[in-house]
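*Asks:* Listed here are the chains, written in short residue letters.
Protein chains: 4
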Amino acid sequence: MPSKAAASQHVHDEDPAAAHRQLVNRLRRIEGQVRGIARMLEQDEYCIDTLTQISAASGALQGVALALLEDHMRHCLAEAVRIGGVVEEAKIKEASDAIARLVRS
Amino acid sequence: MPSKAAASQHVHDEDPAAAHRQLVNRLRRIEGQVRGIARMLEQDEYCIDTLTQISAASGALQGVALALLEDHMRHCLAEAVRIGGVVEEAKIKEASDAIARLVRS
Amino acid sequence: MPSKAAASQHVHDEDPAAAHRQLVNRLRRIEGQVRGIARMLEQDEYCIDTLTQISAASGALQGVALALLEDHMRHCLAEAVRIGGVVEEAKIKEASDAIARLVRS
Amino acid sequence: MPSKAAASQHVHDEDPAAAHRQLVNRLRRIEGQVRGIARMLEQDEYCIDTLTQISAASGALQGVALALLEDHMRHCLAEAVRIGGVVEEAKIKEASDAIARLVRS
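Protein chains in written order, with the numbering used here: chain D, 1 to 105; chain X, 1 to 105; chain Z, 1 to 105; chain F, 1 to 105.
No lab work stands behind these hints: they were computed from the structure.
Ideal Cβ positions, reconstructed from N, Cα and C, are used throughout, including at glycine.
Treat the hints loosely; a few may be bogus.
As the list claims (entries may be wrong) - Here are some, though not all, of the chain D residues that point toward chain F, as calculated from beta-carbon distances under 7 Å:
no.: 1; residue: VAL24
no.: 2; residue: GLY36
no.: 3; residue: MET40
no.: 4; residue: GLU70
no.: 5; residue: HIS75
no.: 6; residue: ILE83
no.: 7; residue: ARG101
no.: 8; residue: VAL103
What the hints assert, rightly or not - If you want the ones that stay clear, here's a sample from chain F, every Cβ over 12 Å from chain Z, calculated:
no.: 9; residue: ASP15
no.: 10; residue: ASP44
no.: 11; residue: ARG82
no.: 12; residue: ILE83
no.: 13; residue: GLY84
no.: 14; residue: GLY85
no.: 15; residue: VAL86
no.: 16; residue: VAL87
Said to hold, decoys possible - Just a few of them, taken from the derived set where beta-carbon distance is under 7 Å, the chain X residues facing chain D:
no.: 17; residue: GLN43
no.: 18; residue: CYS47
no.: 19; residue: ASP49
no.: 20; residue: SER58
no.: 21; residue: LYS93
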């Protein structure tokens, strides 16, 4: 268990393994949502209800992406900045491109 | 098989059952993509690669929603407009709300 | 002035001219927001504050698009459905394409 | 003019003032686009054409946001990471929140 001082510095980061497992669980639920949407279509449920479920799954997927991106900035990107130079520049460009794909998807 | 005249009036609509099956298949593929993303996370693959897959799944989900919405306008909404009055008004409001959820998800 | 019966059937539609003027006013405000964002950039204000204003302007622009689209479905699209045939089909395709551009912008 | 070594380290960054002016110019063009959209509405131009222009302005606004965000990561965020501790953590959280607003707007 981290000391109180360390915990206050890294509030979002106390147990990265637990945060990671939580993201995997969120994806498992989204997988179930998408399976449910396929079933709704097969059973000819009302299109608007199916669309509502697609919007929900899409929002949930975006939530996972945002959490993963925050995690990426906190670890990989921060490490690249500490290395500096071309490594820093490359990782910032790479993160920007990933954000652009996310915003436009 | 529809007559030539009917077919020329409903070009996108010749075989609604086939279009429907195709949407179910696209959702099955998205379900597989989401399962693959969970696996990428579990195996600690590089976050940016995982994010790219999430953007792809999210775009695919949106594609299904847009196809479903077009189908909805072609059938349910058009029927409501032919009925007119409060039915028409209610269905247009409902479709607008679904579009808003989609745009904002 | 419409009769009470007509008004109850078209609740969102009592004064299309007023609704129209309101949309123009919303766009004038967004124009002012965008001008304000350019000024924030010129005066080197903090990037995150500028980004917040861009998200607000972008959300407002989307709100206008959604209102305009609802209006389009209520009038042009409904009229095309009443005409039917290739006119109906063309207008539904056109509306779908506009929705896709909106969802992906 | 920067030395070759400095230039190779900051390839995207040789003239930040020019990049900044370019962003201001892009916003001025978007301001003009929004003014044009208001005029299209006032002159009752065809809704679908107006919607196309809104999608274009919205995409352009998003492009400015993405460029600004990349710039923010390259300067403010990188500096915060070099400072480390609570400053780093706070700036990463702040950037994440800005990205979330952008993705959801």
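*Asks:* In ascending order, which of the hints set out earlier in this document are inconsistent with the structure?
*Replies:* 1, 2, 3, 5, 6, 7, 10, 17, 19, 21
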